[in-house]
Amino acid sequence: MKPRVAFFDFTCCEGCQLQIADLEEEIIGLAAIVDIVEFREVLTGSAAAYDIAFIEGSITRLADEERLKDIRRRSKILVEFGACAHLGGVNKLKNLRDATTVRREVYGDAWDMPHLNTLPTRAVHEVVTVDAAIPGCPINRQEFLTIVKALAMGLPPKLPDYPVCVECKKRDNVCLYDIGMVCLGPVTRAGCDAICPANRGACEGCRGLVPDPNNNSMKDVLAKNGISLDEIYRMFTMYAIDPEVFP
Amino acid sequence: MSGPTMRIDVHHITRVEGHGNIHVEIDDGAIRKIEWEVPESPRFFEAMVIGRHFTEVAPIVSRICGICSISHTFSSLRATEEALGVTISEKTEALRRILLWAEILQSHILHIGYLAAPDFFKVGSVLPLVASHKETVLLIVKLHRLANETADIIGGRTTHPIRTMVGGWTMLPGLREMEALKIRFEEGVEDAKKLAEVVATLVPLLPEFTRETEYICLTEHNGYAHYKGMIRSSDCADALPLSSYRRVTNEYVVAQSTAKWAKFNRESYMVGALARFNNNHGALTPTAKATALQLGLRPPHYNPYGNTLAQLVECVHALETCAGLAARLLDTGLKNENTPVTVRAGSGVGAVEAPRGILFHEYTYDDRGLCRAANCIIPTNQNHAGIQHDMEALVPRFKDRGKEQLQFMLEMLVRAYDPCISCSAH
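These protein sequence lines map, in sequence, to chains A and B. Take the first sequence: its position 133, counted from the start at 1, is 133 in my numbering, and no numbers get skipped. With positions in the second sequence counted from 1, the corresponding number in my numbering is that position plus 1000.
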């Protein structure tokens, strides 16, 4: 029997789910190896239990926490899917500021209406146990397919344990530090094929830190290029990497 | 008096972006409640960008929406460029126009083919249609792929573009890539016309429901506005400057929605493909005008379900326009024409037509180029009140058709607006 697969979204832009629709013809191949039983954005239907549940989005409300725990109870394997689920994503930027100020800035005089109340943003694994993660903002479609195939065969999915710099070198990209830019490639987990540096955009760290990042080398790069503390703070907080890692 | 008694409670309506609920209560024919509820969790983007450098703002606000990240990027870049006094080159603008049309095409095809089409065939998703209507599904996939690959080639990525920046582009596409795209746009026009032939046979299945309202979009002198222009309301004789956007949108908070609502001259207004079609139809390409006639669309069109048809008309227009823009860029050649940026304190408003309608961004920067204030007004925020008022007009007229039919019509109504709900609770 094909594994029953479901997709759920919490606080996010739903851009990672969209990458599934963007698989185009490959969706038909995906539907051949798994049975997609629940995927609200693109299909009508639901199921009582799931073999694999993909969770997109970060958790910002009590009701969402309850809903996530309920899905966890009904799922054999739970995968955090995309940067919001995996790291908290850009949604964690609000955690850096005073909650009331944030609410007032956005909702003005209506700021204290109860339905507008939220908690500090959390990643999915900060609320429930997760079995696997698919990083990225958005996810890489080919990495997603590889991970689904592994999970469908009962194998543990593997993520690259080296930094984006390795993929950049493989693609023969110009190092962005050499052209006056700032980039988190040296400490960010690879798997995106260095898509941002390849398009002359700085790596923003959306896939999270590589295991055992080379902090000293990163500090040297930042110091050598005269990057200010303010800039370092902003870079590392965009995808919720603790800036304290690189004081 | 006697009449139907029913409860409709649609929790997290399917095949739309984001989370919305529909509640209807009718007792003995008396309508007790009609509610379009948006429980989406707010994200507070306008507060997230405070203190951020102007170069970081567009990449952050792009994450407001996975479907319309390019529109958010351009609305943001236009506001920032206005604030910093940056004028972009003609070619930069032409390339941005192609990329923005590509996103509109991607989003419209996704909606027409994957989200709305299953309603016409009474199936749960596009998957069963692969077997029953294979040729049409493959046509949809082909157009969707063209839109996405255009975004890959020009923007560097399908979702959340990388090459876009204040003043221009980090990298330009190659001439060969542009040549190949031009040919594919020309083929795409033919594919979209074929799709229109199929959709024309489904038009009689659309509910016969009209509610005249105010239609608002961008307007330009020469062309069907999407990248820039002034604000056009069907209730105003003259176009309004972008700087008056707060007077037009008048956002307010209601208890049934975490997403704000908007209103201008009436209790609600409509933005999106149908609003653009109603206000700017004269500027459509001849092929797009012919497609509109084939689909039975004549301006002004007051049936909100017709929004899906107007989207298809825009697909034809987008492809034909992109073929023309690509041809001109190939004639003149592509080279780096980035405008140098000097940091200064200032404020700016930017607006583009996102797939779902007019999208405003406004920022204030300090003399270090750090953001001090931000405001983003999303198309779906401007449509939420309209959805509620449509429901209030629709339920009394169709309540005798029974619960199943009424619920189907209400869900289909929400889908016709193609709401981007998580975007609206940004």
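These aren't lab readings, by the way, just hints derived from the structure by calculation. All figures in this text were calculated on a predicted structure; none of them were measured in a lab. Glycine included, each C-beta is placed from N, C-alpha and C at the ideal position. Do not rely on the hints blindly, as some may be mistaken.
Stated by the list, open to error - Anything over 12 angstroms on all C-beta distances counts as not near chain B; from chain A, calculated: (1) T11; (2) I36; (3) R103; (4) N215.
As the list claims (entries may be wrong) - Pairs of lysine to aspartate or glutamate, DMTMM-like flavour, derived with a Cα cap of 20 angstroms: (5) B/K1122 with B/E1411; (6) A/K2 with A/D51; (7) B/K1134 with A/E25; (8) B/K1134 with A/E26; (9) B/K1142 with A/D109; (10) B/K1403 with B/E1037; (11) A/K69 with A/E24; (12) B/K1122 with B/E1208; (13) B/K1182 with B/E1082; (14) B/K1142 with A/D51; (15) B/K1335 with B/E1037; (16) B/K1134 with A/E24; (17) B/K1403 with B/E1392; (18) B/K1263 with A/D109; (19) B/K1091 with B/D1331; (20) B/K1289 with B/E1392; (21) B/K1142 with A/E38; (22) B/K1122 with A/D109; (23) B/K1335 with B/E1208.
Results for each hint:
Residue-level check failed: A/T11 sits 4 angstroms from the nearest beta carbon of chain B, not beyond 12 angstroms. With a least CB separation of 8 angstroms from chain B, A/I36 falls inside the 12 angstroms interface cut-off, contrary to its annotation. Some Cβ of chain B comes within 12 angstroms of the Cβ of A/R103; the nearest lies about 7 angstroms off, and the non-interface call is violated. With a least CB separation of 23 angstroms from chain B, A/N215 remains clear of the 12 angstroms interface cut-off, as annotated.
Our distance criterion of 20 angstroms between C-alpha atoms is met by B/K1122 and B/E1411, whose separation comes to about 12 angstroms. The hinted pair formed by A/K2 and A/D51 meets the criterion: a straight-line CA distance of about 9 angstroms does not exceed 20 angstroms. Of the supplied pair hints, the one linking B/K1134 and A/E25 holds, its CA atoms being roughly 11 angstroms apart against a limit of 20 angstroms. For the suggested pair B/K1134 and A/E26, the alpha carbons sit about 15 angstroms apart, so the restraint of at most 20 angstroms is met.
Between B/K1142 and A/D109, the direct Cα distance comes to roughly 48 angstroms. Violation of the 20 angstroms bound is thereby established for this hinted pair. Our distance criterion of 20 angstroms between C-alpha atoms is met by B/K1403 and B/E1037, whose separation comes to about 19 angstroms. The suggested pairing of A/K69 with A/E24 is violated, with an alpha-carbon distance near 32 angstroms, which exceeds 20 angstroms. A C-alpha spacing of about 18 angstroms is found between B/K1122 and B/E1208, which places the hinted pair at or below 20 angstroms, so the restraint holds.
Between the alpha carbons of B/K1182 and B/E1082 the distance comes to roughly 31 angstroms, so the proposed pair goes past 20 angstroms and is violated. Taking the CA atoms of B/K1142 and A/D51, the gap is about 32 angstroms. The hint is violated against a cut of 20 angstroms. For the proposed pair B/K1335 and B/E1037, the alpha carbon gap of about 49 angstroms is over 20 angstroms, so the pair is violated. Proposed proximity of B/K1134 and A/E24 is supported: the alpha carbons are some 13 angstroms apart, at most 20 angstroms.
Restraint check for B/K1403 and B/E1392: the C-alpha separation of about 16 angstroms stays at or below 20 angstroms, so the hint holds. Using a Cα cut-off of 20 angstroms, the hinted pair B/K1263 and A/D109 holds, with the two alpha carbons roughly 18 angstroms apart. For the hint linking B/K1091 to B/D1331, the alpha-carbon distance of about 11 angstroms falls within 20 angstroms, and the restraint holds. Restraint check: the Cα-Cα separation between B/K1289 and B/E1392 comes to about 32 angstroms, which exceeds 20 angstroms; the hinted pair is violated.
For the given pair, B/K1142 sits about 25 angstroms from A/E38 by alpha-carbon distance, which is inconsistent with the 20 angstroms threshold. For the given pair, B/K1122 sits about 44 angstroms from A/D109 by alpha-carbon distance, which is inconsistent with the 20 angstroms threshold. Restraint check: the Cα-Cα separation between B/K1335 and B/E1208 comes to about 51 angstroms, which exceeds 20 angstroms; the hinted pair is violated.
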